[in-house]
Amino acid sequence: MKKNLLGVVVLAIILSLCLSSTVFAAEALKVGLVFDIGGKGDKSFNDSASRGLAWAAADFTIKRIELEPGVMADREVNLRTLAGIGYDLIIGVGFLFTDAIVTVADEFPDTKFAIVDGFIPDKPNVVSLLFPEPHGSFLVGIIAGMKAQEDGKDTIGFIGGMDIPLIHGFEAGYIAGVGYVYPECKILSAYAGDTPMAFADPVKGKELALSQYDNGAWVIYHASGLTGAGVFEAAKERKRYVIGVDSNQNFMGFIEETGENFGLTSMLKQVDVAVYLAIKAAVEGTFKGGIEVYGLDRYVTIEGVTYSGVGYAIDKYNEDLVSAEMIAKVDEAKTKILSGEIVVPTEVTK
Amino acid sequence: MKINKKFDYFVILEKITPLIAVIFALLVGAIVIMLIGEDPVFVYKTLFSNAIGNRDGWGNVLFRATPLIFTGLTVAFAFRCGLFNIGGEGQMYIGTFLATWVGFTFTNLPAFILIPLCILTAAAGGALWAAVPGILKAKTGVHEVIVTIMMNWIAASLTFFLVLKFKAPPTEAMIEAGVKQMIPHTSEIAQAARLPRLYSIFKFLNIDFPAYNQVNVSFFIAIGVAILAYYILWKTNLGYEIRAVGYSPLAAEYGGISVAKNIILAMVISGAFAGLVGTNEIMGFKYRWRQELFTGLGFNGIAVALLGKNHPLGVVLAAILFGILNYGGAIVNIYTAGRIPRELIMVLQAVIVIFVVISDEVVKRLIRQRRKIL
Numbered sequence: 280m281k282k283n284l285l286g287v288v289v290l291a292i293i294l295s296l297c298l299s300s301t302v303f304a305a306e307a308l309k310v311g312l313v314f315d316i317g318g319k320g321d322k323s324f325n326d327s328a329s330r331g332l333a334w335a336a337a338d339f340t341i342k343r344i345e346l347e348p349g350v351m352a353d354r355e356v357n358l359r360t361l362a363g364i365g366y367d368l369i370i371g372v373g374f375l376f377t378d379a380i381v382t383v384a385d386e387f388p389d390t391k392f393a394i395v396d397g398f399i400p401d402k403p404n405v406v407s408l409l410f411p412e413p414h415g416s417f418l419v420g421i422i423a424g425m426k427a428q429e430d431g432k433d434t435i436g437f438i439g440g441m442d443i444p445l446i447h448g449f450e451a452g453y454i455a456g457v458g459y460v461y462p463e464c465k466i467l468s469a470y471a472g473d474t475p476m477a478f479a480d481p482v483k484g485k486e487l488a489l490s491q492y493d494n495g496a497w498v499i500y501h502a503s504g505l506t507g508a509g510v511f512e513a514a515k516e517r518k519r520y521v522i523g524v525d526s527n528q529n530f531m532g533f534i535e536e537t538g539e540n541f542g543l544t545s546m547l548k549q550v551d552v553a554v555y556l557a558i559k560a561a562v563e564g565t566f567k568g569g570i571e572v573y574g575l576d577r578y579v580t581i582e583g584v585t586y587s588g589v590g591y592a593i594d595k596y597n598e599d600l601v602s603a604e605m606i607a608k609v610d611e612a613k614t615k616i617l618s619g620e621i622v623v624p625t626e627v628t629k
Numbered sequence: 145m146k147i148n149k150k151f152d153y154f155v156i157l158e159k160i161t162p163l164i165a166v167i168f169a170l171l172v173g174a175i176v177i178m179l180i181g182e183d184p185v186f187v188y189k190t191l192f193s194n195a196i197g198n199r200d201g202w203g204n205v206l207f208r209a210t211p212l213i214f215t216g217l218t219v220a221f222a223f224r225c226g227l228f229n230i231g232g233e234g235q236m237y238i239g240t241f242l243a244t245w246v247g248f249t250f251t252n253l254p255a256f257i258l259i260p261l262c263i264l265t266a267a268a269g270g271a272l273w274a275a276v277p278g279i280l281k282a283k284t285g286v287h288e289v290i291v292t293i294m295m296n297w298i299a300a301s302l303t304f305f306l307v308l309k310f311k312a313p314p315t316e317a318m319i320e321a322g323v324k325q326m327i328p329h330t331s332e333i334a335q336a337a338r339l340p341r342l343y344s345i346f347k348f349l350n351i352d353f354p355a356y357n358q359v360n361v362s363f364f365i366a367i368g369v370a371i372l373a374y375y376i377l378w379k380t381n382l383g384y385e386i387r388a389v390g391y392s393p394l395a396a397e398y399g400g401i402s403v404a405k406n407i408i409l410a411m412v413i414s415g416a417f418a419g420l421v422g423t424n425e426i427m428g429f430k431y432r433w434r435q436e437l438f439t440g441l442g443f444n445g446i447a448v449a450l451l452g453k454n455h456p457l458g459v460v461l462a463a464i465l466f467g468i469l470n471y472g473g474a475i476v477n478i479y480t481a482g483r484i485p486r487e488l489i490m491v492l493q494a495v496i497v498i499f500v501v502i503s504d505e506v507v508k509r510l511i512r513q514r515r516k517i518l
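Sequences listed follow chains A and B, in order.
Residue 280 is where the first sequence starts when you use our numbering, and the numbers rise one by one after that.
Residue 145 is where the second sequence starts when you use our numbering, and the numbers rise one by one after that.
Keep in mind the hints are simulated off the structure, nothing from the lab.
Positions of the beta carbon are idealized from the N, C-alpha and C atoms, including for glycine.
Watch out, some of these pointers could steer you wrong.
[Unchecked claim] Partial list, derived from the structure: chain A residues whose beta carbon lies under 10 Å from chain B:
1) Ala333
2) Asp353
3) Arg359
4) Phe398
5) Ser468
6) Gly472
[Said to hold, decoys possible] Think about it this way: if two alpha-carbon atoms lie no more than 20 Å apart in a straight line, the pair counts; the simulated EDC-like pairs of lysine to aspartate or glutamate are:
7) Lys311/B x Asp442/A
8) Lys402/A x Glu316/B
9) Lys319/A x Glu487/B
10) Lys311/B x Asp599/A
11) Lys309/B x Glu626/A
Based on the provided sequences and hints, a complete structural model is requested.
If you want it as structure tokens, here you go:
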């Protein structure tokens with residue numbers, strides 16, 4: 280027993296004897312992006328961050344890398360390794376990076392860090408990119424409420440990922456938006472779980488969505504990362520509406536065979552806008568640490584299309600579902616939110 | 145098991161099945177890497193040279209191996225009693241949370257009391273959580289697999305409920321900006337409850353070692369626990385009884401050994417090992433509880449125990465191998481700019497486990513066949 284298992288280690292050591300060296304080209308600003316749970320391909324949060332990096336790569340000369348950490352300790356290792364091999368700007372996607380960035384930012388004071396959704400107010404080399412998600416959720420809530428009213432239905436649903444204050448903000452804004460146009464509407468609400476895996480559990484998402492649809496929900500808004508893929512599945516199965524989150528997920532409600540679409544709209548939390556602007560600031564030398572809020576009033580124009588920090592999605596998939604009336608109402612609410620006439624709640628009152 | 149000397153060759157073969165499995169897994173991994181379009185030699189070179197080619201790498205490897213040693217021993221110990229404890233995850237949650245609670249509650253105790261108290265609480269919490277399936281199995285015959293799985297979920301939800309109760313107060317900056325805790329977490333444990341990182345010991349010995357390396361004294365606790373597990377199992381009456389129940393409960397009962405008592409004790413000890421994960425993750429690393437702390441450490445313990453053939457020494461070595469793969473995999477991911485996904489490591493681990501099972505079975509059959517011939 281002892282001999283053979285030691286053999287495992289011996290083998291490992293033999294393989295390690297040859298040291299490797301990796302050469303990285305210098306000059307261009309080097310930007311590292313480290314993803315959240317769910318990783319690239321979630322058609323949501325992480326993909327949005329990745330798109331922001333791609334936009335920046337098209338507009339500026341940068342060298343980029345994208346990484347998916349596994350366990351928590353790897354976040355710190357990923358950040359430290361990137362900083363160690365000379366990356367200039369390192370972006371952690373998601374609040375789970377908070378502790379790791381706080382630690383590594385002190386070790387590398389000359390490296391710039393950005394954290395999406397995290398709150399690190401007091402480091403000169405860390406910028407925190409925040410979004411007023413309740414505002415965007417309010418807007419899609421208006422669309423959901425008007426759709427249900429139009430079709431003579433009395434219930435809509437909300438499905439969250441992990442049951443945490445961040446997601447409660449989505450729920451609160453959404454409920455307020457529905458209430459703004461259709462106060463009598465009933466609201467069903469559910470969360471996928473208590474652990475971060477609740478953001479990566481499509482099976483659970485489908486289960487919760489089916490139960491809400493079967494209890495009369497006409498539209499469901501999900502704020503649950505990868506879990507939402509299951510909500511879209513359920514929507515297509517029950518032929519009811521669903522609202523996507525973070526990225527434009529309208530296409531996920533499209534049934535190719537019949538040409539029907541059930542993706543009503545998507546709440547856009549343009550992580551891409553924030554990532555793009557953070558990289559732009561670093562390239563232009565205007566990077567500064569602290570808090571940056573990307574709301575309805577922060578814009579980026581890429582290839583003729585303007586994106587704001589938060590908003591809602593209209594494209595070829597849902598242009599027939601969202602009426603001009605709804606858009607007028609949403610635009611009205613937008614102005615009122617920006618002027619402070621409407622104060623969107625961030626906590627659910629039950 | 146008495147075997148004629150002529151069978152030595154096969155006996156050795158039986159014992160080195162994990163090694164064979166690892167070699168096969170690396171070969172399969174090489175094929176996968178080639179299919180991705182990368183150079184397997186470069187990938188393995190990067191993986192192993194970064195993981196064990198320098199002190200920082202070793203530190204990271206041992207830091208990752210430490211919790212796996214605990215959870216691996218959890219599975220291995222229970223398995224020696226014929227129990228399949230897959231509730232390591234839940235036992236770890238409870239033990240760790242309780243230790244954290246002690247750590248941030250009794251902040252005025254001196255270190256020489258607080259550290260042992262936290263360690264004992266961690267073990268007691270895990271033991272308590274494992275006692276439930278143990279008692280149910282012993283008294284009513286409910287299968288421990290079902291109970292332990294279900295109790296994992298109860299533990300996750302219970303700790304989540306508790307962390308909301310003991311949430312750290314928001315900082316002034318957070319209040320000012322109107323920001324809330326994203327994932328709720330507790331306050332940090334007292335300085336006196338923290339285990340020193342190995343860096344501070346190396347510094348004392350004048351050995352060059354990076355200050356940020358997370359490996360801490362908990363690694364020695366893990367090694368101590370592995371020795372303890374070996375001692376209990378092979379050097380005490382209790383261990384003899386536990387193994388007797390594991391081989392054949394009926395025969396053990398006939399021999400005057402209480403099956404119920406040993407099942408409960410085996411579960412309790414096994415659960416205590418799982419609870420001790422908190423010494424690494426909280427007392428030596430994060431200093432506070434946060435729900436996202438673990439990602440399947442309890443379940444990975446099953447693979448570690450399997451690869452280690454349920455022997456404490458095997459568990460330690462298997463945990464170190466997993467540590468090498470995990471850390472090296474993260475580095476390869478960076479050095480290949482993400483072209484080699486981290487999932488490759490999961491593939492390697494899975495293939496190792498499959499090959500361990502297969503080669504075990506093949507060798508067993510070979511031995512049986514050989515015996516028939518003679």
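Hints versus structure:
no., hint, verdict
1, Ala333, "14 Å, violated"
2, Asp353, "5 Å, holds"
3, Arg359, "7 Å, holds"
4, Phe398, "5 Å, holds"
5, Ser468, "18 Å, violated"
6, Gly472, "8 Å, holds"
7, Lys311/B x Asp442/A, "14 Å, holds"
8, Lys402/A x Glu316/B, "15 Å, holds"
9, Lys319/A x Glu487/B, "12 Å, holds"
10, Lys311/B x Asp599/A, "46 Å, violated"
11, Lys309/B x Glu626/A, "18 Å, holds"
This entry does not satisfy hints 1, 5, 10, going by the numbered hints stated previously.
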